[in-house]
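Both chains are sitting in their own frames, so use the hints and assemble them into the complex.
Chains as they are written, first to last, in the numbering used here: chain A, 20 to 373; chain C, 11 to 260.
A couple of the hints might just be wrong.
What the hints assert, rightly or not - Partner residues aside, some chain A positions facing chain C, computed with beta carbon under 8 Å:
1. 43
2. 69
3. 78
4. 85
5. 89
6. 219
7. 228
8. 230
Claimed, not checked - Simulated coverage check for chain A against chain C, where a stretch passes if three residues somewhere in it have a Cβ under 8 Å from a Cβ of chain C:
9. 105-116
10. 206-218
What the hints assert, rightly or not - With a straight-line cut-off of 30 Å between C-alpha atoms, the simulated DSSO-like cross-links for lysine-lysine are:
11. C:202 to A:228
12. C:256 to A:228
13. A:243 to C:22
14. C:256 to C:202
Treat the hints as calculated values from the structure; they're not laboratory data. As the structure is a prediction and not an experimental result, all values here were calculated from the model. Glycine residues also receive a C-beta, built at the ideal position from the N, C-alpha and C atoms.
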Amino acid sequence: MSDKVLMKGTDAIAEAAIRAGCRCYFGYPITPQNEIPEYMARRMPEVGGVFLQGESEIASINMVHGAVAAGVRTMTSSSSPGISLKQECLSFLATQELPAVIVNIMRGGPGLGNIAPNQGDYYQATRGGGHGDYRMPVIAPGSIQELYDLTMDAFDIADKFRSPVLILGDGMMGQMMEPIVIHEKPEVELPEKDYILDGARGRHGRVLKSLILNARGMEEQNWKLKRKYDLMRQELPRCEEYMTDDAKLVVVAYGTAARIAKGAVKRARAGGLQVGIFRPVTLWPFPDSALLEVAKKAKLFLVFEMSTGQMIDDVKLAVGNRIECEFYGRPGGVIPQPKEIERIIERLWLQKEL
Amino acid sequence: MEKIFSRPACMKPAPFHYCPGCGHSIIHRLIGELIDEMNLRENIVCVPPCGCAVLAYDYFDIDMVEAAHGRGCAVATGLKRANPSLMVFTYQGDGDISAIGTAETLHAANRGELITSIFVNNAVYGMTGGQMAPTTILGQKTTTSPAGRSARVEGYPLKITELIAQLDGAAYVARNSLATPAKVNATKKSIKKALEIQQQGIGFSLVEILSPCPTNWKVNALEAFKYLEDVMEKEFNPGVLKDITKSRKA
Ligand SMILES: Cc1ncc(C[n+]2csc(CCOP(=O)(O)OP(=O)(O)O)c2C)c(N)n1
Ligand code: SF4
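Excised from the complex, chain C in its bound form (with noise of 0.2 Å):
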């Protein structure tokens, strides 16, 4: 019989021990077929954060060096600037890159760093048992705002993503959403934008994913995906932010 699906050539086979419905298996498939389609696997090193996806070395065969928590945008610049040959992305989620984190993804991204930043929005801190996060939601309920965040309190929700496309470093800022089939494809259209950015050496590019956490969500996964279509999206956008690519042709 004729194999149509397989898993991508540079994940090793190894089941995720993400949570069913969590957002982090569909990105890292995403992020696997295009090490495979652009030919990635022997020139790219990871980043991968302090989070849930901490273990993302147990599922790619490539090069990665595990960062302090909020750290990964210092490390992949060192990484780049030692050896500008390689191609260099962080994987960080919103309480790694927009909390502990903010001032390197910023000063990266601000000195135009040519990295890429894959930055997985789940609204909470997943590994850590469902804190809030700088992301977290008005009214969303927490373990550590459990009467749902107040602005007065916790303040708003963070969007980082919004900060990097006004600094002149950025080249390519976008935030998509896996809420559906459709949008899984134009997360993948985005994160191959910003990796091609980085190998034409333009500038910084930051792909922000608003993804499902059912766990600490306490959803099951179906109304997790409807969270996302229907609280998360209207918090943060989806869209291209920032692409000067566009504006160089304009």
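Chain A extracted, bound-state conformation (with noise of 0.2 Å):
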């Protein structure tokens, strides 16, 4: 049985959360995603599960650790300045090769900034962020439906690569409210948990560690890693596309921005445009193969981000020269309106005699 009720996006992650098996919660305050710990909190005991507000986010993203060393499915919360004192553990995490879930609800930087939703953490989301050669899968989720199902999948992708994963979101992402199909987690064969710590009982005590002092050895574990993020690549990019077939000029943007591109997008398109959306859901593996296919077809890019500019380095990357990138971005947590994006849209359009 599913139900539609009508949900805010912190409420959805948090739920989908419990659905999906995670029975510990860790986090710290901070806005804008303050409605995740407060869900936990009253939900958590209700299903038998751990919530407990850590002193700090290094502390909470170590109790993590812990939990997920006992096997239990876990899961913190925070937003920028937060998610950037948890980059030590998540180093220690991706290396111990460790499942856990993170939420990253992105507000306004650098600093301590602002609350406004921006995309500012792309960079740091998608290029490690803490020490060391390692990767780690980052889903942005584009709707509160979407939030709800890629948060129980990510429970799922960290259990099956043992590694942890990025849930990247923003404020707009976490405050806005819509109805959503509220489901059971779908099975998945996922490999037992043969690393867990539950007491040596009838065999010998297993090591969870990192330190390996010896430098063949620790580039066999990197090899090890590597190997595991190449599998990643090829079976998690995952993306939307939006009326990309025809299309001459797509713009592509990921989260709370591809919402608002979408708007535009459809304006663009009444008003006889041939515009369409290349939205990214995977930004770590980011999907190369199928925004390649797209520049193939179009004309230009139009990459547009709430920031000045993080993703299009990636998007460049896919595609290399085979087509022209212009980029629009609005950094600081300003909320650009669709009506600002089909106005740079017409303008390429014109300037660029597509």
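Put into structure tokens, the structure is as follows:
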């Protein structure tokens, strides 16, 4: 049975996590995502799970470290400055190959910034953020339903690949309400958790560690991780295309920016312009082959981000010189209107003689 | 011939990498003996530190998860909350527990987490080569306080154990020393008590152990034990700082 309910983004994430079997949540308050810990504080006791407010983001992510070592599905959430504090432990989780779900509801920055929606943490999310040669799947939902569905998927991806997985939203995604279908998590076959620490009953002790003093051993571990990341690159990329079939100009945008772009594209279409949208759903691994296919058909890309331009690097890496890429961005927590993007589209259409 | 002394069964047949005269070896053995005697091997998880004892997992045949520097008490919190049937202990140096990890330690203690911390105070950063620690004694020379620690510049030796004893969540807090064989035996008793407090679900327990680091104190092993008694014990007074099971009975 599925019910349709009106839900806020943050609540959708929390409820999806619970229904995905998340039984430990550790976090520290920061706007605009406080509704996640608040929801968890109410909901976890109902399902016999653990909710604990840590004394900092550092403590919270390290509690996650302990809980996932014990084999429990665990989540933490925060917003930009708090995510910066979690980076050291993310590096530990990545190399100790432990699954965890981390939510970043991005806000304006750098520094303390503001609490408005923003996409300035793309580099931090997709380029590691923490130290060392690791990668981490990064998922950027574009609606409240997707926040719900992809949070569930994030737990499966984390368990399948034994890796931390980051959900990258922004203040708009977190605070917006939309009707969504609440459903149970689809059944997925997952590997047995043969690494967990539950007391060495009838077996030798297990060690989860990252110190490998021997350089050759450390290199081996890095190549092992690399092979896993290659597998992720094959299996995980996801994207959504909207009216790209005949589009001459394609807007490339993710998350909230893609929603704004959709409004603009609809208006431009109504005005007779052949435009479409390519929306990466996974930011790492980036859906580069799908984007390359679109690049082969279109004439111009307009990369639109709520930042001064970060994802555009991945777009260019994916398409090389095959297509010209223009950029439009509004950083700092400014939310552009669809009309604003429509104007840019119109101007480019005329300027580039599309 | 009858065997009267052997390696604890929970310990691996691996020679310690610790310097000769280092307290970590003694403390490891005490913990190993207690895991055997209390029959804990198949139900205990250790969170080793970043510090000389990071390689503890090479010596114990028990489950272990290595934490980032200082975060042991947070990792142990997560483990214990996720699986309350486990016995969980952290093993931490003075830098780990009372510099970079101060917040995680105090808050875990204050929440009364049902974990045990073994805090090895050797007054220096051993692993990184003998830099000043929060517990470095006034006047003590280290590689980053070459003229000797001065209260004016570096502040006073930090007594995190006294701080923890003030917290309502802490059930058992003790400080011991390895200076003599009798004191080593007393240390073992304190660790046992701390583990029992955890078993009984009473609250947070911590044992600070004053421990020699001859290498970075730049003395030989015998002089190190003398320094422990003459200097360290004067600054950090051994004793039971808190035991709520006592006050309850009283
Ligand atoms: C974030 C971080 N900063 C610094 C270090 C380097 N480091 C490793 S161990 C250590 C201190 C060790 O001293 P202590 O905790 O007193 O333990 P000991 O080695 O003396 O037993 C430091 C600073 C690190 N591993 N991680
Ligand atoms: S440096 Fe000090 S603490 Fe480290 S092993 Fe040597 S004696 Fe022990």
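Going down the list of hints, with the structure as the test:
1. Against a cut-off of 8 Å between C-beta atoms, the interface hint on residue 43 of chain A holds, since the closest Cβ of chain C lies about 5 Å away.
2. For the restraint placing residue 69 of chain A at the interface with chain C, the shortest Cβ-Cβ distance is roughly 5 Å, inside the 8 Å limit, so the hint holds.
3. Interface hint at residue 78 of chain A: satisfied, since its Cβ lies 4 Å from the closest Cβ of chain C, which is below the 8 Å cut-off.
4. The interface hint given for residue 85 of chain A holds, since its Cβ lies 3 Å from the closest Cβ of chain C, which is under the 8 Å cut-off.
5. The closest approach between the C-beta of residue 89 of chain A and any C-beta of chain C is roughly 4 Å, which is under the 8 Å cut-off, so the hint is satisfied.
6. For the restraint placing residue 219 of chain A at the interface with chain C, the shortest Cβ-Cβ distance is roughly 5 Å, inside the 8 Å limit, so the hint holds.
7. Hint on residue 228 of chain A holds. Least Cβ distance to chain C is approximately 4 Å, under the 8 Å limit.
8. A distance limit of 8 Å between C-beta atoms decides the matter here; for residue 230 of chain A the minimum to chain C is near 6 Å, and the interface restraint holds.
9. Counting residues of the segment 105-116 of chain A whose C-beta lies closer than 8 Å to any C-beta of chain C gives 4; at least three are required, and the coverage claim holds.
10. Restraint check on the segment 206-218 of chain A versus chain C: 3 residues with Cβ-Cβ distances below 8 Å, three needed, restraint holds.
11. With a C-alpha separation of about 27 Å, the suggested pair residue 202 of chain C and residue 228 of chain A falls inside the 30 Å cut-off, and the hint holds.
12. Annotation: proposed proximity of residue 256 of chain C to residue 228 of chain A is violated, straight-line Cα distance about 38 Å (limit 30 Å).
13. About 27 Å separates the Cα atoms of residue 243 of chain A and residue 22 of chain C, which keeps this hinted pair within 30 Å; it holds.
14. Distance hint between residue 256 of chain C and residue 202 of chain C is fulfilled; the C-alpha atoms sit about 15 Å from each other, no more than 30 Å.
Violated hint: 12 only; the structure is consistent with all others.
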